[in-house]
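Chains as they are written, first to last, in our numbering: chain L, 995 to 1335; chain D, 995 to 1335; chain U, 995 to 1335.
It is worth saying that the hints were derived from the structure and are not from the lab.
Heads up, a few of these hints could be off.
A pair holds if it fits inside one copy or across any two, identical chains being indistinguishable in the list.
Calculated lysine to aspartate or glutamate pairs in the EDC-like style (CA-CA distance at most 16 Å, straight line) [claimed, not checked]:
#1 K1162 <-> D1103
#2 K1111 <-> E1237
#3 K1184 <-> E1126
#4 K1194 <-> D1107
#5 K1162 <-> E1052
#6 K1111 <-> D1019
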Amino acid sequence: MFELRLVQGSLLKKVLESIKDLVNDANFDCSATGFSLQAMDSSHVALVALLLRSEGFEHYRCDRNISMGMNLGNMAKMLKCAGNDDIVTIKADDGSDCVTFMFESPTQDKISDFEMKLMDIDSEHLGIPESEYDAIVRMPSSEFARICKDLSSIGDTVVISVTKEGVKFSTRGDIGTANIVCRQNTSVDKPEDATIIEMKEMVSLTFALRYMNSFAKATPLASQVTISLSSELPVVVEYKIAEMGYVRFYLAPKIEEEEADPYVETKSKAQGKPTAETKPKLEIKPDVEMKPEVDSNMDNEVVEIKPELESKMEPEEESKTDLDIKPKKEANGEVQVMDVE
Amino acid sequence: MFELRLVQGSLLKKVLESIKDLVNDANFDCSATGFSLQAMDSSHVALVALLLRSEGFEHYRCDRNISMGMNLGNMAKMLKCAGNDDIVTIKADDGSDCVTFMFESPTQDKISDFEMKLMDIDSEHLGIPESEYDAIVRMPSSEFARICKDLSSIGDTVVISVTKEGVKFSTRGDIGTANIVCRQNTSVDKPEDATIIEMKEMVSLTFALRYMNSFAKATPLASQVTISLSSELPVVVEYKIAEMGYVRFYLAPKIEEEEADPYVETKSKAQGKPTAETKPKLEIKPDVEMKPEVDSNMDNEVVEIKPELESKMEPEEESKTDLDIKPKKEANGEVQVMDVE
Amino acid sequence: MFELRLVQGSLLKKVLESIKDLVNDANFDCSATGFSLQAMDSSHVALVALLLRSEGFEHYRCDRNISMGMNLGNMAKMLKCAGNDDIVTIKADDGSDCVTFMFESPTQDKISDFEMKLMDIDSEHLGIPESEYDAIVRMPSSEFARICKDLSSIGDTVVISVTKEGVKFSTRGDIGTANIVCRQNTSVDKPEDATIIEMKEMVSLTFALRYMNSFAKATPLASQVTISLSSELPVVVEYKIAEMGYVRFYLAPKIEEEEADPYVETKSKAQGKPTAETKPKLEIKPDVEMKPEVDSNMDNEVVEIKPELESKMEPEEESKTDLDIKPKKEANGEVQVMDVE
């Protein structure tokens, strides 16, 4: 028997709206720790991780770990039928192939229950490590969403560059170029308006705007977004869910040859295996925090985070984008390696 | 000469918006009693009846009964040009083939007049009786509209079931099932939030959601909707128009075999004429109240209310949907019979 | 070096939104006087003239007259990225083939710069004279926009007729006819609600509603619109830009045969060159005020304002629409003639 009850039911609606366009089908993992999900987008370029901790619910009961495969579009359709002030209950009996969503109006005058068939979905569990990042930017989520939308009207990719002074978002397209700089600003009236930069090293990475815009659909969940960047790691775009957990989006950077100095590039290419030279080798330790949610029955399959191949770069830029991130399960089941070959 | 004047002109705009998608062309019947319309939708499954009583108008003059055939889409286009605070006048000279809509702004600074050609439309007058219904549900019109919209995201039909405790709206579709229960609630702060059930017998009927959603376009006309149900009659969905009259929608129920017990079903089918067995025979007396609006020159033709035949039921359900509702005019022109064969 | 700075940056966004659908590519002319534009729509039926005087900007520097060819759609895309409270700077270095748009948030925490390639556009400079008009109507811009939109649901053209009492907008289409009269009204609480008519002669002219609706996109720029009409001149629809200048739209009237009396029409046609008879001959002196913005390097080409030829008139109406308005440059370069042959 699994049952959770959330008075602030609109939060679940927002969670589904934020991930349903990125992921079609996914397993929700239910354990004593909480209600979580981890899934790659259909083109295996981005990864979404959701955690709603059990303490955050008004009622939470999970007799044994279960994994419920759901079509997120259909789940979102059902949750859309909940009023914004409704109390939402999700429940599933042991061994049942159905999940029930129940919505209660605040006055208890309207009670809805929706039943949905569960799906068998091949689980793809990546151990996601807590990494050290070169730069962490916290900024208003609405500002980040606006920037991604604005840049999309000019180009297809965004270069995010972080210095101590601020974070710069740049793009270029057929009609011109754009640079948007947000300065560090901690002396604001409302904490949610702050832009705070924690930086160890300057970093500059390129990402597909299409995915950034998709991540920005989580904006209604949190007033601030946290963007964690390292030159050799996927970016993490995180929206905290107040007192409950988070939605985190991971996206591998696009890897491009240096365009400033063609001679350096040629030299680099002459050294035998030029493409291999430019690819970061990522070795990632398993994420201890994420582990408890993993159903021990589920096989951790090999997953590839492949950056988009359709590049709309200027001719002088050359993308090398065969970055693969694979989780490997060692014999003891505890150490996973995410590497790029 | 026919002329009516309505200070609250936005009301006529709302009336047209509520019926124009259901009915393309219709005759407006103008008599001393009021301004009324009765028409079937283009697929002859639903019927709409509008009455605006003469007392409700600031000015109402009707020298002799006339019937004005109009294209409701074009009429709605013209009424849309009225400001929401405009005073609306509709007038037609005797023998003219045109109708004039005049809109006066509250300050009288802007005066618009729109002229539209009238059409010859074969009139289809059904005598609609005042029936006794098994159950009458009054509920907030916005709640009813929301429920029909929500259920449409899951299925194509709605089962409306009434008990003393409340009214249940159910559907099923490819992605799952949904049940929404609205409890009787008379102790509300605002009368328009009440849900009131008058029930003689429990009733459970199935309708096409497509039509229910179409009826719900009348929601801006009234804060409450009244749904009258009997097992052998078309449902009546009524929106009262304050101090003037009503818009009423009639829809024949879909008739389905019992799905709970296959043996009962088989037995029922074995009794010779199974399909005839499951069809209600409706005999309907003419509606005295509606009569005065009928132009004595117009022939009352035979009209069929045919339920939709394209059924998207689960395989275990079998629809029998040859329900025909025909008005028949007897020799004395006073008794009409609406029956289902 | 050219540089302008405007604290009220949203104004530039509104200017671009008002003209980008009418004109694809155009030269912005920058001189000591101000920032201006003059362009014909792609079908050469309408002309738009924009003036933003240098005094209206917080900062304005123009070392020498330049003409910057821009795609207005792309420019609008970039300006859309400015926040509504942003300060906008436009700058171009001498000899550069680029223009830069810079947006600063009020708190200076977000600085964006967008760079766009300039285009070579054949300049089409008409001298637009300050004419005397038969009738000038000032009315609320939102009212004018509403009327044009409403009439478009009925017909394709509008007849604007001015008398001392008011201005009448009329149309006819397949579904009927419409007349909207706005009465002169100077005794209003707010000056922007006034409708003021200055009339020397009664005038009645026909225009394509498609263009009027396009002009009405400038409504957010000003609370009042001024419509200047003469029987032999293009109409001028002007939106003043507070303390800076204006956007003016010019549209040649459609010329139609009299439909009231077919004999008169026949007689007129019998007089040898009937079409020439019905066409106004416009001779227009060059507009002194507009001159300073004209780059002396640019050739003033011959431009034709051609009324739309696709007429959706009733069969009894016959359009004669070969009205050509051509600017001619005389030897001394000072006198231009706009005539209709």
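Okay, the hints, checked on the actual structure:
Taking the closest pair of Cα atoms, K1162 and D1103 come within 16 Å of each other only across two copies (12 Å); inside a single copy the shortest separation is 51 Å, beyond that limit. When the C-alpha separation of K1111 and E1237 is checked against a cutoff of 16 Å, the pair qualifies neither within a copy, at 30 Å, nor between copies, at 49 Å. In this homomeric assembly, K1184 and E1126 never come within 16 Å of each other (Cα to Cα): the closest approach is 28 Å inside a single copy and 57 Å across copies. In this assembly of identical chains, K1194 and D1107 lie within 16 Å of each other by CA distance neither inside one copy nor across copies; the values are 51 Å within and 27 Å between.
Proximity of K1162 and E1052 under a CA criterion of 16 Å is satisfied in neither setting, with 41 Å inside one chain copy and 27 Å between copies. When the C-alpha separation of K1111 and D1019 is checked against a cutoff of 16 Å, the pair qualifies only within one copy, where the shortest distance is 13 Å, while the shortest distance between copies is 44 Å.
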